[in-house]
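Fit the two chains together into the complex; they arrive one by one in their own frames, and the hints show the way.
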Amino acid sequence: MKQVQAGNDVATQAANLLFDYLRVNGPHNQSFNHLSATPMDRLPSPALFASAIIADRLSAVEFASQNPELCRSFAVPLAIATGDSNSSVAMLAAEALEMLGAPARSLLPELIQLIESSRDGETAYWAVTLIGRLGPIAAPATVALTRTLSDSAYLPVRERAAWALARIGTAAASAAAALSSAADSGPPRLSRLATQALESVRGMAA
Amino acid sequence: MRLPLPFPFSKLLGPSTTILGVLALGYLLLTGRISLDSISTMFASTQSATSNVSPPVKPENKITIATFNVQNFGEKKAGDDVVMAELARICKMFDVIAMQEIRSPHAEPVQNLVKRMNADGSLYTFVLSTQIGRSSSPSHREQYAFIFDSARIRLSDDPSRTYVMNDELDRMHREPFVASFTAIPQGEDTRTPFSFTLINVHTDPDEVTGESGTGNELDVLADVYVNVRAWEYSRHGEDDFILLGDLNTSSTKLFGLAKIPGLISLTAGQPTNTPGSKELDHILLDSITTREFTEQANVVDYSLLEITPEMAAAISDHRPVWAQFSAFEVPPYDPAIASTGQPVR
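These protein sequence lines map, in sequence, to chains A and B.
Under this note's numbering, the first sequence has 125 at position 125, and the numbering climbs by one with no breaks.
If you want this note's numbering, it's the 1-based position in the second sequence plus 206.
Derived from the structure by calculation, the hints contain no laboratory data.
Some hints could be false.
If you want a taste of the chain B side facing chain A, the calculated C-beta under 10 Å gives, among others [claimed, not checked]:
(1) 278
(2) 280
(3) 281
(4) 337
(5) 341
(6) 374
(7) 412
(8) 413
(9) 416
(10) 454
(11) 465
(12) 467
(13) 479
Sample of chain B residues with no beta-carbon within 12 Å of chain A, all distances over it, derived [claimed, not checked]:
(14) 290
(15) 307
(16) 313
(17) 326
(18) 332
(19) 334
(20) 356
(21) 360
(22) 362
(23) 367
(24) 375
(25) 378
(26) 443
(27) 486
Distance windows between CB atoms, simulated [stated by the list, open to error]:
(28) A:46 - B:459: 32 to 42 Å
(29) B:287 - A:51: 25 to 35 Å
(30) A:86 - B:459: 55 to 65 Å
(31) A:69 - B:509: 16 to 26 Å
(32) B:287 - A:42: 20 to 30 Å
Here the structure is a predicted model, which means the values were calculated and not measured.
Note that the Cβ used here is the ideal one computed from N, Cα and C, for glycine as well.
One chain only, chain B, in its complex shape (with noise of 0.2 Å):
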């Protein structure tokens, strides 16, 4: 579904979200709704020191978003059992996978990737973009996916929260796929669960080079970024948005997107390519709103889930990356709160 690119008002967006944070942390502080222990706990890290390859325990309170470029996944990727296999074994790590680069008029690589992940009873599902790209053969195009874990993440039922981004500039090769989520609370826990929109995207590298102004995608993304959080806030209360994908750029070369304020990738720096020599993937997302965020995020090292270098690259020329979020919705930042442990009156 393509809906209409919204009005830019989005600038706003931050100061207001702040007032309304402060105000929504006041409420439920008085109200006995939340505690700041409470508060501290979600902050808390998870660092450890031990490593091993054990079978993941997705924790309760938290969730795992990953985004993954899978490279050109078609119908040759999704016949091959042992490739398959591993791709399971990987993406059952997350609760949420952003996809890129399916390469197939049809909707079977990924289906049969989820049927993969489903076989111990798991019940991941996904939602599919429509193929995207400008070239007149269909084999060129893409498709995005989010393949996620429906026992505990929900996809909006408002269908007209996932979409491509209209573009009627084309002043994308490939226009980004959105769609909003809910985190599903397990257990008795009566907090408001973590809602965040999604948007995934998979840049053209010959369109992240050029100087800003010059139709750099990555100027480009910003206005999406801007207008896609615009349009939610104002329809759905949502604040809560979160841009991962290719980018083919590093973090240090993000152009238009490093100028939003707040905007951080959350694993700067670090090689993303399968040979580690590239940093090409990022979650992006706004530090001073989407206080969910753990601190935990990083890039999979095939090495440790014991998959060889050749596997690695039959796999993908890309490595997930991902990040953790608390499962309930955490108040912005705001300077007042966090010097004092109090709200200012």
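In isolation and in its complexed conformation, chain A is listed as follows (with noise of 0.2 Å):
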């Protein structure tokens, strides 16, 4: 790379300006830092999810989208949430979700009460989603899953239903004859992620 004279170029010099006021201080910039040790007594009660009030239920998935990382412990109200029958709260339940990772292992019974209750819908979606994410440890949601996999109305559902099952691998082999119908005669994507969920229950993935 070749230098620049300074002071003979005034589009370098201006390009200077503007990169000095758009440069970070590199990789290790601490400055947000501070933002992931949010105080855990902001953490919003898990009473304010089911409020009959809208304010109350927006403003605790509203938290939620923005610390996904703490509010793990929330995934099922936040699953719950994203059934909502207000578009916002629907919409920043799904966000969180999306970003908070794995949820505790200890919600896992009440992750296949909810599939178990409703199999369509996006709080259905996001179960299955959520259970996924267990992997292996969430082998003991293989019936319902296969249930889902079969008997969702919700395609969406279906295809994760068949995601989750391969996430959870050999465990999971009593799900192979309907992954195996799935895989025969489901739509393209569902069919697609049944066979390699067939793969993978039965410890042949890739």
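Spelled out as structure tokens, the structure:
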């Protein structure tokens, strides 16, 4: 890379101004690290997610969308909130769930219960997704996921069920017949995901 | 608009482009349209030791391209005057912004933002994708946007060059949005202006973690990159392709994208979320072909813009990532020219 003589290029000087303005301190910038240490006392009360007052629910999911990693223990109320009649609440809840990662393992029974009670819609989609993120330790959800794969009227939920079974792997071997059926007769994406899941539950995944 | 996925013949593109570039450079040098001095100036570093927050001055011979996931950008955020004022201030630092996570069935949030950006007489405009996503609920789907300064950047006037990738097999949750642009020369410079194609994408975080060959969206994106490159090159002679957006992955886990020769993430290793804990957003380009990159790229630090952590969180959980380019075409890299300063005969 050649050096530029200082002051001999007006455009370069202008570029310097712009990039001084934009410059950050580098990869080890710590300016915002305190955000990740948001005090736990700012966490919303679980009851707020189920409040009859929209503003309460909105504030709870808004906090979760801005601090998803702090809200893993709220995975179940957030999944329920994705079906909220208020579209802003539903959107922010989905936003939080997208980024919060795997839920606490202790929530698995509640998540299974969610998909047992409703296999359609956004809530089921997110409950299945959260189960899938747990990987092999979600094996106890195999029966519920298999039923969801076969019975849900909502294609994205069936697709996610196939995906979740693949993530569980060989511990979900009992889902093989349902996966085989989906692989043979499902719409293209479901068929592809079911084929991959079949390989996974049979221990043949790449 | 959706176009069929073109066939993959672009593996031949790299060498072909290099040869064309050498021929083009030779032609420009012989005809006196370009000098080696001007090439070295284009590649020169613009680093400076000082730091300030004075209003940005956009250089005449360089353009800045950014990617920005404006978390959940819908009517609610668009109705917040303070957040919108900050968003406008941030976006005005760039010539083109590839925006993700616009969640509205309408154009109003982006329209309002652009109106604010133009309050001082600027000439920003935008192009918006359709709503994209698998959800049955429209409110969960997203739009992409390209916002650009029409005084400095021109969107291709061929409407077939602005499209959402066709995805008949539903391999991606949110199919990429593609558009082609050309820098508008400022002043009297007669060099060929930089033209480029942007591929704007927001991956699904649950679909970038699996093994290769299991539907990983990053493998699909590698196909997208190769196919868009082949399509645009064969029809329009375009050789500069920039894939940018929220990939929900670090630069060490790019799967199929990492296998494309020369493809690099310009801010590799830098966290891009607002808390500064995760690397999610990228600007990827073929470093062999897109020599217009000036070696200047970074992640915006909200604190340097005097934005409080609370306001930053209200703006987005992501920070913009930007890269600077020459406003003029630069021939692709050729080792023979680089070592001798002269083309090999």
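Here's how the hints hold up against the structure:
Residue-level restraint check for residue 278 of chain B holds (minimum Cβ-Cβ distance to chain A is 5 Å; threshold 10 Å). Evaluation of the residue 280 of chain B hint against chain A yields a held restraint, the C-beta minimum of about 7 Å falling below 10 Å. At a threshold of 10 Å, the smallest CB-CB gap from residue 281 of chain B to chain A is about 8 Å, leaving the interface hint in force. A distance limit of 10 Å between C-beta atoms decides the matter here; for residue 337 of chain B the minimum to chain A is near 13 Å, and the interface restraint is violated.
Taken as an interface hint, residue 341 of chain B checks out: its beta carbon lies about 7 Å from the nearest beta carbon of chain A, inside 10 Å. The interface hint given for residue 374 of chain B holds, since its Cβ lies 8 Å from the closest Cβ of chain A, which is under the 10 Å cut-off. Checking residue 412 of chain B against chain A by beta carbon gives a least distance of about 6 Å; that is within 10 Å, so the hint holds. Given the 10 Å rule on beta carbons, the hint for residue 413 of chain B holds: about 8 Å separates it from the nearest Cβ of chain A.
At a threshold of 10 Å, the smallest CB-CB gap from residue 416 of chain B to chain A is about 8 Å, leaving the interface hint in force. Interface hint status for residue 454 of chain B: upheld, as the beta-carbon distance to the closest one in chain A is roughly 9 Å, under 10 Å. A cut of 10 Å between beta carbons decides the hint on residue 465 of chain B: the least distance to chain A is about 15 Å, and the hint is violated. A hinted interface residue such as residue 467 of chain B counts as satisfied when its beta carbon comes closer than 10 Å to some beta carbon of chain A; here the least separation is about 22 Å, so the hint is violated.
Because the smallest distance between the Cβ of residue 479 of chain B and any Cβ of chain A comes to about 9 Å, under 10 Å, the interface hint for this residue holds. For residue 290 of chain B, the shortest C-beta to C-beta distance to chain A comes to about 17 Å, beyond the 12 Å cut-off, and the non-interface label holds. Non-interface call for residue 307 of chain B relative to chain A: violated, since the shortest CB-CB distance, roughly 8 Å, does not exceed 12 Å. With a closest Cβ-Cβ approach of about 17 Å to chain A, residue 313 of chain B is found to remain outside the 12 Å limit, as its non-interface label requires.
No beta-carbon of chain A comes within 12 Å of the beta-carbon of residue 326 of chain B; the shortest separation is about 16 Å. Here residue 332 of chain B stays apart from chain A, with its beta-carbon at least about 21 Å from theirs, past the 12 Å limit. With a cut of 12 Å on Cβ distances, residue 334 of chain B stays outside the contact zone with chain A, its closest approach being about 18 Å. No beta-carbon of chain A comes within 12 Å of the beta-carbon of residue 356 of chain B; the shortest separation is about 19 Å.
With a cut of 12 Å on Cβ distances, residue 360 of chain B stays outside the contact zone with chain A, its closest approach being about 20 Å. Residue placement check: residue 362 of chain B keeps its beta carbon more than 12 Å from all beta carbons of chain A (closest about 25 Å). For residue 367 of chain B, the requirement that its beta carbon stay farther than 12 Å from each beta carbon of chain A is met, with the minimum near 28 Å. Distance check for residue 375 of chain B against chain A: the nearest CB is about 5 Å away, which does not clear 12 Å, and the non-interface claim fails.
Consistency note on residue 378 of chain B: stated as away from chain A, yet its beta-carbon is not over 12 Å from all of that chain's, at 10 Å minimum. Residue-level check passed: residue 443 of chain B sits 27 Å from the nearest beta carbon of chain A, beyond 12 Å. With a least CB separation of 9 Å from chain A, residue 486 of chain B falls inside the 12 Å interface cut-off, contrary to its annotation. Checked against the hint of 32 to 42 Å, the C-beta distance between residue 46 of chain A and residue 459 of chain B comes to roughly 34 Å, which is consistent with it.
With their beta carbons about 27 Å apart, residue 287 of chain B and residue 51 of chain A fall inside the hinted range of 25 to 35 Å. Here the CB-CB span from residue 86 of chain A to residue 459 of chain B is close to 36 Å, at odds with the stated 55 to 65 Å. A hinted range of 16 to 26 Å for the beta carbons of residue 69 of chain A and residue 509 of chain B is consistent with their spacing of about 21 Å. Between residue 287 of chain B and residue 42 of chain A, the C-beta spacing of about 24 Å keeps the proposed range 20 to 30 Å intact.
This entry does not satisfy hints 4, 11, 12, 15, 24, 25, 27, 30, going by the numbered hints stated previously.
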